Structures are given as C-alpha cells and as structure tokens.
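Given chain P, work out where chain D should sit, using these hints.
Residue numbers (my numbering), protein chains in the order written: chain P, 1 to 463; chain D, 1 to 463.
Simulated from the structure, these hints should not be mistaken for lab results. There may be inaccurate statements among the hints.
Heads up, the list lumps identical chains together, so a pair's fine if it works in one copy or across two of them.
Here are the simulated DSS-like pairs of lysine-lysine, each with C-alpha atoms no more than 27 Å apart in a straight line [unchecked claim]:
{"#": "1", "residue 1": "K409", "residue 2": "K28"}
{"#": "2", "residue 1": "K4", "residue 2": "K255"}
{"#": "3", "residue 1": "K404", "residue 2": "K165"}
{"#": "4", "residue 1": "K128", "residue 2": "K372"}
{"#": "5", "residue 1": "K379", "residue 2": "K128"}
{"#": "6", "residue 1": "K255", "residue 2": "K226"}
{"#": "7", "residue 1": "K128", "residue 2": "K94"}
{"#": "8", "residue 1": "K379", "residue 2": "K226"}
Please read these numbers as outputs of a predicted model, since none were measured by experiment.
Number of protein chains: 2
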Amino acid sequence: MSQKIPTRLYLSEDEIPRAWYNLRAVMKDKPDPILHPGTLQPATASDLEPVFCKECVKQELDETTPLIPIPDRLQEFYRAYRPAPLIRAYFLEKALGTPAEIYYKHEGTNTSGSHKLNSAAAQAYYAKEEGLASLTTETGAGQWGSAMAMACAFFGIGLKVFMVKVSSEQKPYRKALIETYGANLIPSPSNTTESGKKILAENPDTGGSLGCAISEAIEVAVKTDKCRYVLGSVLNHVLLHQSIIGEEVKAALDKYGVKPDIIIGCAGGGSNLGGLIAPFMGDKIAGKSNTRFIAVEPASCPSLTRGRFAYDFGDTAKTTPLLRMYTLGSGFIPSANHAGGLRYHGMNSVLSKLYRDGHLEARSEVQTDVFKAAVQFAKIEGILPAPESSHAIKAAIDEALECKRTGEKKVILFGLTGTGYFDMTAYMSYNAGTMGDRIPSDADLERGFATLPDIPQNQHTSP
Amino acid sequence: MSQKIPTRLYLSEDEIPRAWYNLRAVMKDKPDPILHPGTLQPATASDLEPVFCKECVKQELDETTPLIPIPDRLQEFYRAYRPAPLIRAYFLEKALGTPAEIYYKHEGTNTSGSHKLNSAAAQAYYAKEEGLASLTTETGAGQWGSAMAMACAFFGIGLKVFMVKVSSEQKPYRKALIETYGANLIPSPSNTTESGKKILAENPDTGGSLGCAISEAIEVAVKTDKCRYVLGSVLNHVLLHQSIIGEEVKAALDKYGVKPDIIIGCAGGGSNLGGLIAPFMGDKIAGKSNTRFIAVEPASCPSLTRGRFAYDFGDTAKTTPLLRMYTLGSGFIPSANHAGGLRYHGMNSVLSKLYRDGHLEARSEVQTDVFKAAVQFAKIEGILPAPESSHAIKAAIDEALECKRTGEKKVILFGLTGTGYFDMTAYMSYNAGTMGDRIPSDADLERGFATLPDIPQNQHTSP
Numbered sequence: 001m002s003q004k005i006p007t008r009l010y011l012s013e014d015e016i017p018r019a020w021y022n023l024r025a026v027m028k029d030k031p032d033p034i035l036h037p038g039t040l041q042p043a044t045a046s047d048l049e050p051v052f053c054k055e056c057v058k059q060e061l062d063e064t065t066p067l068i069p070i071p072d073r074l075q076e077f078y079r080a081y082r083p084a085p086l087i088r089a090y091f092l093e094k095a096l097g098t099p100a101e102i103y104y105k106h107e108g109t110n111t112s113g114s115h116k117l118n119s120a121a122a123q124a125y126y127a128k129e130e131g132l133a134s135l136t137t138e139t140g141a142g143q144w145g146s147a148m149a150m151a152c153a154f155f156g157i158g159l160k161v162f163m164v165k166v167s168s169e170q171k172p173y174r175k176a177l178i179e180t181y182g183a184n185l186i187p188s189p190s191n192t193t194e195s196g197k198k199i200l201a202e203n204p205d206t207g208g209s210l211g212c213a214i215s216e217a218i219e220v221a222v223k224t225d226k227c228r229y230v231l232g233s234v235l236n237h238v239l240l241h242q243s244i245i246g247e248e249v250k251a252a253l254d255k256y257g258v259k260p261d262i263i264i265g266c267a268g269g270g271s272n273l274g275g276l277i278a279p280f281m282g283d284k285i286a287g288k289s290n291t292r293f294i295a296v297e298p299a300s301c302p303s304l305t306r307g308r309f310a311y312d313f314g315d316t317a318k319t320t321p322l323l324r325m326y327t328l329g330s331g332f333i334p335s336a337n338h339a340g341g342l343r344y345h346g347m348n349s350v351l352s353k354l355y356r357d358g359h360l361e362a363r364s365e366v367q368t369d370v371f372k373a374a375v376q377f378a379k380i381e382g383i384l385p386a387p388e389s390s391h392a393i394k395a396a397i398d399e400a401l402e403c404k405r406t407g408e409k410k411v412i413l414f415g416l417t418g419t420g421y422f423d424m425t426a427y428m429s430y431n432a433g434t435m436g437d438r439i440p441s442d443a444d445l446e447r448g449f450a451t452l453p454d455i456p457q458n459q460h461t462s463p
Numbered sequence: 001m002s003q004k005i006p007t008r009l010y011l012s013e014d015e016i017p018r019a020w021y022n023l024r025a026v027m028k029d030k031p032d033p034i035l036h037p038g039t040l041q042p043a044t045a046s047d048l049e050p051v052f053c054k055e056c057v058k059q060e061l062d063e064t065t066p067l068i069p070i071p072d073r074l075q076e077f078y079r080a081y082r083p084a085p086l087i088r089a090y091f092l093e094k095a096l097g098t099p100a101e102i103y104y105k106h107e108g109t110n111t112s113g114s115h116k117l118n119s120a121a122a123q124a125y126y127a128k129e130e131g132l133a134s135l136t137t138e139t140g141a142g143q144w145g146s147a148m149a150m151a152c153a154f155f156g157i158g159l160k161v162f163m164v165k166v167s168s169e170q171k172p173y174r175k176a177l178i179e180t181y182g183a184n185l186i187p188s189p190s191n192t193t194e195s196g197k198k199i200l201a202e203n204p205d206t207g208g209s210l211g212c213a214i215s216e217a218i219e220v221a222v223k224t225d226k227c228r229y230v231l232g233s234v235l236n237h238v239l240l241h242q243s244i245i246g247e248e249v250k251a252a253l254d255k256y257g258v259k260p261d262i263i264i265g266c267a268g269g270g271s272n273l274g275g276l277i278a279p280f281m282g283d284k285i286a287g288k289s290n291t292r293f294i295a296v297e298p299a300s301c302p303s304l305t306r307g308r309f310a311y312d313f314g315d316t317a318k319t320t321p322l323l324r325m326y327t328l329g330s331g332f333i334p335s336a337n338h339a340g341g342l343r344y345h346g347m348n349s350v351l352s353k354l355y356r357d358g359h360l361e362a363r364s365e366v367q368t369d370v371f372k373a374a375v376q377f378a379k380i381e382g383i384l385p386a387p388e389s390s391h392a393i394k395a396a397i398d399e400a401l402e403c404k405r406t407g408e409k410k411v412i413l414f415g416l417t418g419t420g421y422f423d424m425t426a427y428m429s430y431n432a433g434t435m436g437d438r439i440p441s442d443a444d445l446e447r448g449f450a451t452l453p454d455i456p457q458n459q460h461t462s463p
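The following block holds chain P by itself, in its conformation from the complex:
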C-alpha cells in the first residue's frame, strides 16, 4: 500500500474480466437444489427450458464450473460502459473523521442507472443466440425494465415488459425511458393475460404487484412461440452475471494491494450483493481472508433478518419452481417502501445458504435513516444514490463511525448499485419530512409464513 491510491481506481479495457465467477463452484456446502413444484424432485434443465432460455438454464444448474467465459460479443457490449468506476471515498472519510478507508463500486453510470444491465445484456444476448424472437419480463421500480429494454434494443430482440400499474403511473419517466428503447410496456395487471384477467376480476381497482406482473410475463412467455421469460434477480444465473462487479473491484484493489475488511451491499433478491462479494467470498471460503460480509435490507421487508429458511415459490401466484431460501412467504405484502428493488419476499439461495452457514451477516434499516445517509452522501461525494443503494451507504457510514470510535483503520467496501434520478418523488417526500416507514409486526410476518408451501421439505423450517 505504499503507492498513493487515486480517487478512482482504474482498470484498463484489457483488465475487464473475461469470465464470470461462479461462487457455488467454490462453496463446500452447496445451496439446496431447486425443486419442481409438482414432483418436489430437483428441477432438471427440461423443467426450466420452457420458461428460460437454454444457456441461462445451464448456468442456473451449474454448481461445478468455477469460471464461465463471457462470450466475445457480450464482452464488446460490456466495454461500452464498463469497467464501472471504483471510487475511494476520500471526501466521505474526511467528513466523517474516520480512520477507515472507504471504497464504493459505482454501477449507476449507464443509462439504465444500475447494475441490472450486466445481467440484462447477458440474457438478451443468449436469447438472440438461441434464435428466440422475443422476451418477456416484469418491472417494479423500473431499473430492470430499463436495462432489459436497452439490452434488447442493442441485440435486436423484441421485449414485452409488464410494469406494476401503480409504478407505471407514479414513474411516467421510467415508463417513457423503457418505451424510448422500443419495448412494449403493459401496465400490470392487464387484460392481455389469463392471470391478469383473473386478478382484475377479483379486484378491478388493484395497483398491481411484482408477483402479479411476474405471473403475466411467464404466462406470455410460455404461450408465445420463440419467446422466453427473463428475471432480474434471485436466480443463480443472474448472480453469476453480476459477479463481474466483484471481479472488477478485486482486480482494481489488487493493483494497489488493498484488501477489504468489510464488504457491504443492499439485498433485495440478492443479485447485486452476490455479484459484489463473489470472488471475495471465494477467498474467505478457501481460508485466504477474514473479510466480513454484510447484507442490508429494508426494515419493511426483512427476509434475512426475520424470515424463515424454507422452500418457497419465487412469485405470489406460486407458479415458479421452489427455491430454498430465507423468505417471508410469497404471500407477504411489504409496505410501500421507496426502495422498490428491495421489496421482495425471498433471497437468492446461494446468499441464503451463506447466511445460514454464518459466512454472511445481515441487518435491516429504517427508510428515513437510509435517506438521511443518502442525502449526506450526495452532498459529500456528489452522487445522488438510488434508495436501494442507500441502504449500503447507511451501513458503511455506521461501520466507518465505529472505526472512528475504536481507532481501527479498516477497509470498508460497499456497492453503489445505482443512481436516484428516477426516484425523485422519494427524495421529495424525505425533503418535505413526510416520509415514514412501516415495520411489519410479528403478526404480519406470521400471515406471510402461513403462505409457505406445506411440503415435507418445510417441516423443519426455522428462523
């Protein structure tokens, strides 16, 4: 560490990773397998291929290949916006008066505004290669929909996005962005699908939900020729694509001999956190480091900190395979937290397993505290963070202040998953002092857990 560390730790184009890091391959204790919901047997490729494109299914089930090559054409696309900046937070360190070193990986410099593009590009690429004509997906806050629209425009493949109706109304600019990139955007629930019609018949005035949008998107994918469904988080192949985040960070830090003591990421479905920590967690599992890993989730949707480790569906309509994960139950309804990207009842199964086995810590944060940290960060570091990312900022500031108290010079790294340009209503609410948060009661949680599938595998579920 004799070399002076720049504010931005650069990687050259040649140093962008050429293979993804498959964390599962280095885990000694593997996550439990995905189950077919009918047979309760481990899902096979042929179970999943009617819904997802083939290469993604292959990656989803691959527990053994440590490094999976990134195709040339996809590398070419990545070079248009990567490497994402890794920034030393000199200004924040000084403002906090901490002896800690703070670094953050800024994934928000592309037009979709977040890390989501890393997997969107991969999924669009593989779909095109397979000869598919179109894809379907859902979006809530809009980051994933934007990323898929950009990726599909680039690779030349059709896209239908079911956007949670209330979000499409509250975020007209997100909607416009997705449409500008040529995607067909349908507010969900809609009359274009059976599942949408069913929901509308029961509740004509509903604003929709992510679970409902997923059901509509899967239905269209399964019923349409040469069409598949893509998902922006939760699944293992998405985590795999996001490992490029952690690999870039590691390559840049290695150049300067920096080793993180604490790595922090926000956690919704888990793809950003899983991607950020992947190679570092590999080192820890191999006994090469003692890095601490911290997942930060909203207090309104605390799947790791208050959920159960059980087999559960990925969607509220209970149509997906079963994943063993920390979950609040697919019927859990989180309150309207502004960090839409973190409002998910479950958590990726790799991260769930790592948490279960004590390799990963977790904490939850209240929305107003998160926005306080967000505004502080924006003024000091000059970047307006997404509400999701701000959960990681809050925890990083807390850890840096703890170092100030103890005098320890720890190296803290966090993931800045995206920018908040399309989240200004949340900032307006915070600025006006009208922002609140709603932490679920134990009874709320019990109602969610009651929706867990009643199967033999779940007989021994526990917190």
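What follows is chain D alone, placed relative to chain P:
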C-alpha cells in the same frame, strides 16, 4: 495508429489536466472587448466585481495567459468525477456502415448530468476562497442549477436559484434534485425582487423566462452582503473552465496518435463547444492542423446561422455589460424548444469571433430530426442523450454518412454534453409523434434585431 483503440480511451488520474487552456491567449485576432453599457468603454475589473467574484472577473478579462492553473482543491473535486469517458463509437460506426471513426466525450456521468459541473465547481470554489457567504444564479432546463447546487453543497456556500417558473412546474424532479442538494429554489418571476415584482405587475400569469430569472438573480447578488452572481455559459471564464473537456480529449487521443478531422458540438451560450474545441482550435490557429469545427444550434434559435454580429446585452432586462457576439437581439423570444440549454439569443464572444473569421462553421437543426438521431444513438450506443447534446449527434451522423458516400476515413469527434434523464417529457412527445418545431420567420428575426442597442459600435453590424 497501429495500436488497437479501445472502446473507452482512458486517462489516468495523473493525466487529468492541471491547468485550463485559455483559447483567447493564442488567438491572433482577439474578440472585441466587453463594454460598460453606460460609458461604452471597455469594462474594467472594478465594473464587473460588484456582480461576479474577483477571480472569475480576472479570468474573464485575461487575454494573455495561455494556461491558467487549476487550484489544488478544485483538482481534488474534479478527480471525484473526471476524467469524463472518451468513447469510440464502434457500434454507431458499424450501424451506419461508415468508414469514418467516431468518438464522443461523455460529460453526463456526474449527478448534475452535464458538463456544467466543470464551471460550477470552479465558480463555487473561487467564491468560497474569496470569503463570500452565498451565490445567486438562474436556471432554465435545470442542468446549471443542479450543477451549482452540487458545487455549493460541496464547498459549503449558500445558493439561491431562480428557476424559470414554467420549468420548475414542468420539471419537478429537477427542482427536487436542486433542493436535495440544499439550494434555495425560487420560481421566477417572484415577489422577492423588484425586477420580479415589476414583471408580475405587468403580466401576473407569465411562466417566466431565462432573461427575467437572470435579472432577479443579479439584483439579489448586488443587493446582498457577501453575495455574488454566477452564470453557466456565454462568458469567457466559463469557457475557460470548460476547456478541461477538450484538454482531456486531446490527451487521450494523443496517446493513440488520433487526430480529429471534424469536431462537432452543440451551441447555446457556447461554453461546451468552446471548451471542447479550445486546444484543437489553438493548434489550428498555430497552423498545426486543418481540423474543421462545427457548431450545431437549434433551428428555433439560430444565433450563429441567422443572427447579427453586434454588441448586445446578455439578458433581456438589459442590465449586463455589452458583448460583441452573434445575436438575435436580447428581445428575441425563441419558441419552446425542448433543448432549453440552447435557447439563448447570443453566443460567447470568442466563438463569435472565430465564426466571424472563418475558423468555425455553423449549422442549425430542426428538433424532430434531432430527436430521431437521439433515439437512434440511444438504441445503438446505449446512452440516452440530452436534447442539447443530440444536436451534435445529428451532425456527427450526417458527417459519418457523408464519409460513407465519399469513402473517406475521417475522424469525427463530438461532445456528448449530458444525459436526458430529466428530459423524458421531450422523449414522450417525440415517441407520441406530437413533437413539432417552430423556425422563426424573417419577421420574427427583425423584431429581435430591433431590440439591439442603438450605439455607434453597432452601426456596421451585419449577418
């Protein structure tokens, strides 16, 4: 050029310029001096210092120092978001099938979303160093207001932003962004100033104008203790600060032995274009290159292509010093083009002189053609451009297609001044097919020219 050129041409932190390039110092034929509007004599520092901070005034009048050092603390700030990416548009080249090489400098990766931050930071820094307590400014489209709010939050100095009322209503998220950074935002015209009250008395329902907002901001700056006014374009010190754009581009291209044949920038007040071309124009004036320089302006506000070369006021209230420039008259009212940053009646005096002397070309573009190019670019290169920047994109595409016709392998460089995330209403209008444009008639222009000051210096004005 034997070396393979990467998609992103990197500069390391050490290569960020440490001095600004003062284009006027290398011009053999200098621009005409700023005049005091009362005496019609060249303005002195003491004429300007009641309005602007001292160091900016010094820079405004400096015609001789070729390189002006960037203070250390400001360099530190620049390192938080610079160097801005210089991108080889491989995808666009391929999509157009052109033999030309296309490069663009992407100034939109900082939170303010544009190049404006380069000068905002400098002006906030100097104001703080001078011991001022606060600053005032105006903003129309909002980029400048956002940039000043970020800079003032960082350097710890107060800021009052007069935002054109109709913009503050049409762009609530821009307003929220400015307020999140702690600035005091006042829709203009307001009852807080004499000039605002006067305008409201005459026209209570007005949506305001940039000229009116400038008048309010200057009035407050002059009447308030330890307060000065800052402007985001037009003036020479702003161009000077923006020269970091061109210097970074030149340093990056020099590393790969690339020499641009054509440099293109959008032109409103001229600061982005002036900054982008500065060192390259210096080379041309010194006889070291034959680069062509093209300013692109909106057909609705054609100050270079249809304006007069005359002394004129910078604001509609006619309170500023007189600048000799291409102008449509300070009373010219451009139609409501979505590229708010280009809706200015005049043009920086250095650029005006260069155009007058044949060193700079100019063309104008119709809004719908500009948005067609913007959407094409967004889908191919993955970046959603600001409406202003898209004028340069349109011209770059045209030049690349001309190369395709002639078979010439020209090197085309353009400035991507910013992103369009806060301009989605414009994209919505374009997507819906409801976007138009209004090109001023000759009679419209005559009405504008009639507002030019009737002074001896203007007796020989001509197109």
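*Identify every previously stated hint that the structure contradicts and give their numbers, smallest first.*
Those not satisfied are hints 1, 3, 6.
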